[in-house]
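Engineer: Now for the letters of each chain:
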Amino acid sequence: MIINGIIVFLLYLALVIFATGTAGILRFPDFYSRLHAAGKCDTMAAILALSSIALYHLSENPDLGGVLVALKILLILVFVFISSPTATHAISQAALIIGVEPWGREKK
Amino acid sequence: MKRLQEHFEVHDPNLNLIIQTSIRILVPFVQLFGLYVIVHGHYSPGGGFQGGVILGASFILMGVGYDLKKSMELFPEAWNIAMANLGTTIFVGTGLVCAAAGGLFLDYGALSNWIGIEPAAWRSLGIFAVEAGVGFTVTSVMLSLFWDLSSRGELDGGL
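Line order of the protein sequences matches chains A and B. Quick note: the first sequence uses the working numbering, first residue 1, plus one each step. Quick note: the second sequence uses the working numbering, first residue 1001, plus one each step.
Check the hints yourself; a few may be wrong.
[Said to hold, decoys possible] One-sided excerpt, in silico: chain A residues whose CB lies under 8 Å from chain B:
1) A49
2) F79
3) I82
4) S84
5) T86
6) H89
Calculated from the structure, these hints are not laboratory results. Backbone N, C-alpha and C define an ideal beta-carbon position, used for all residues, glycine too.
With the sequences and hints as input, model every part of the structure.
Structural biologist: Set out below in structure tokens:
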């Protein structure tokens, strides 16, 4: 089935992006770049994983109930897409206002 | 670092533009979802407490994104106290009406002695009334807890 191939491909891509974000959180040098890795990678991977879940449910239940559940999952996707970058923005702005030092080549 | 911070003046009115815009987009959906969780409390996961927490969190979100004054304009303090007491009154009143109809406290099936529909239908309606009462109380108590904790009990715009 080609639809199963698409589902597995989307989930695998989400897994790779989540792993990239985790590596970024663990290995980046300071607060802002860690937040950058966490925010962007989590948003993109959540979008891919949720869309693959919606596709899977739609391919298993191709009737009205399946379409409704898939629409609810897509609604979660829209809200994650709005709220996750906003939360990252708020955290980084608060850190800049209270004076968390960004990482640089040399300290003066 | 000072040079970076000079770009951000704390009293800049456009400082929270992104946060406030996305909160304005999200809050109606959050409130709709809270009402959904309260109303569907006896079919699906959720109920009065969880739906009340979601409803209260929508007002807390307005308080976090704007300030305490905006949150108290949207949901005035007198309404808050009235709504907490209304929810408790609905809960206890449902129980006492059931007791007056000949059953135990919160024994909804006994209401079929007064109005003759089936006891199962009365239990469904009674649970719905109790869930609505719990939802009202939890919404207003959540919001007043946030107000008191964020302004140290003064309610004068702490955040």
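Engineer: Does the structure break any of the earlier hints, and which numbers would those be?
Structural biologist: Going through the list in order, the structure violates hints 1, 4 and respects the others.
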